[in-house]
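Anchor point for the sequence shown: position 217 equals 217 in this note's numbering, and the numbering is continuous, going up by one each time.
A couple of the hints might just be wrong.
[As the list claims (entries may be wrong)] Listed below are the simulated BS3-like cross-link pairs for lysine-lysine, each with C-alpha atoms no more than 25 Å apart in a straight line:
id: 1; residue 1: Lys44; residue 2: Lys80
id: 2; residue 1: Lys330; residue 2: Lys308
id: 3; residue 1: Lys343; residue 2: Lys330
id: 4; residue 1: Lys44; residue 2: Lys308
id: 5; residue 1: Lys308; residue 2: Lys228
id: 6; residue 1: Lys80; residue 2: Lys38
Derived by calculation from the structure, the hints in this document are not laboratory data.
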Amino acid sequence: MLRIHQLSLSLDEAPRLDSALLRTLCAKRLRLPQEQLKSATLVKRSVDARDKGNVHFALTADIALTGGEKIEKAIAAREKPNEVVWLEPDKATPPSALIQSTPWTEDENRPLVVGAGPAGLFCAYALALRGARPILIERGWPVERRCLDVEAFQAQGLLDPESNVLFGEGGAGAFSDGKLTCGLNHPHIPMVLRILVDCGAPEEILTSAHPHIGTDKLRQVLVNLRAKLLAMGAEIRFGCRLDGLRLRDGRVAEGIISHVNAGNGLNNPGHARATDRISVSRVFLAVGHSARDTYAWLHTLGVPMAPKPFAVGLRIEHLQNAINRAQYGKAAGHPALPPAEYKLNVSTPDQRGVYTFCMCPGGQVIGAASEPARMNVNGMSYHARDGANANAALLVGIRPSDFGDDHPLAGVEFQRRIEERAYAASGFAAPCQRVEDFLRNRPTTALGDVIPSYCPGVSLGEVAPLFPAFVTENLRYALPRLGRRLLGYDHPDALLTAPETRSSAPVRIVRNPRRESPVTGLYPIGEGAGYAGGIISAAVDGLLAGLEEGKEKP
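Start from the sequences, fold in the hints, and give me the full structure.
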């Protein structure tokens, strides 16, 4: 097998890309007759906009030749090594074989998975495939009802602390963009993507260099994944929150679970919760980065954890057409091109760094509160990414030494102080300021070309009072420099909507290489445990926890 990198596909050819055109491109690149190609498979597709005068798609493809390994190696030897590579025959173990090779060790208690975000869902999937019949509990509601709760917040400012942008089926990623990019190069990523496609995600995520599903399509994927889990023997309980664990001789023995009846309408936080106890010996804790109450009782229980660095900042919005022009030049507007993305960073004098995160082309800024009297924002976009604005988090690095306390949960309180200032300033209406006004240290009183997308509405003024001085100083240092990296990034009318505080967990729960806490039987996984940073890395962490734990030990 040969892997060909940097195959060029013109924008005009892109709509016609099929297996025949791919074979033609591969044969032309290797200067071979098409008859010598047994097969050609698209591996990756990305936009190459480095030369604004020649924006095109760059493809990676795998091909097999009729002459077999000897001919393939000879061709690879004559080509540039970073462009054409001979690959060993595929040794990747299919998911079914992975599961069969790690049978579940029988236990009188079914494994308990806590949290139905990416880590919890994929952990439950792996456990169910292995016949473990996991119990999956989620403090929020199924995605259908969760969407109603989020809509009520966006329209009326009605916050349900248990069902919102951060809590409920799908986790925080369900209301982002469904971005599937990942800094990892892990062999289980294709398995995660394939499971998502089997549940209704677009096939293109298997080959896109920047795959995304979109918040709208991700909802149906979650419904289908839920049905698959139930058919595989999992039990799913919504409106169920893990409120504690009882230990016996340093081992997990019992889970304390509170729950409410689904009822109709919003989940009123004043409703009484019934409490149950469940015998458990393995608990996979996938609670997400905003389960602050869970962190608190874990600390009280004596589960080891430590503060970790994270970042805070705000959302910056530009006109998507302006970002398209900055990234694509004259090619902007070509129907084959997707809305342009960016990923930027700036080194700062204090070495904290400022960087963009979770960029949402054609998206909107949304409220991401999960606690009363505290307000924060996030970004999301639908599959089409056809909104007028582009947005991204613009973040400043935060160190544990900034917390003012060495308590393991001091980072949570750091976040809360910022969120409380935002709520005190304008309730759930987000503080918002034009970039020009922010740089000149004056309040915004009128908007320019960019109209804020945030619902339930913004409060024009200043964002600096929300943050420690060093955050504001770093943002003011970074914006003009980012404008030199990406033309127009510091446009006077670009908008800053604040604050963004939940980009990652402020704490890391200690675990060993087997993902087990010093408390035997407790497995902290995913973003909430401090070991992942997005949908895919969290899903892989959960998948591996479910695949590897409970198997026969040598």
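Results of checking the hints against the structure:
| no. | hint | result |
| --- | --- | --- |
| 1 | Lys44 to Lys80 | 19 Å, holds |
| 2 | Lys330 to Lys308 | 44 Å, violated |
| 3 | Lys343 to Lys330 | 21 Å, holds |
| 4 | Lys44 to Lys308 | 34 Å, violated |
| 5 | Lys308 to Lys228 | 36 Å, violated |
| 6 | Lys80 to Lys38 | 22 Å, holds |
Comparing the model with each numbered hint stated earlier shows that hints 2, 4 and 5 do not hold.
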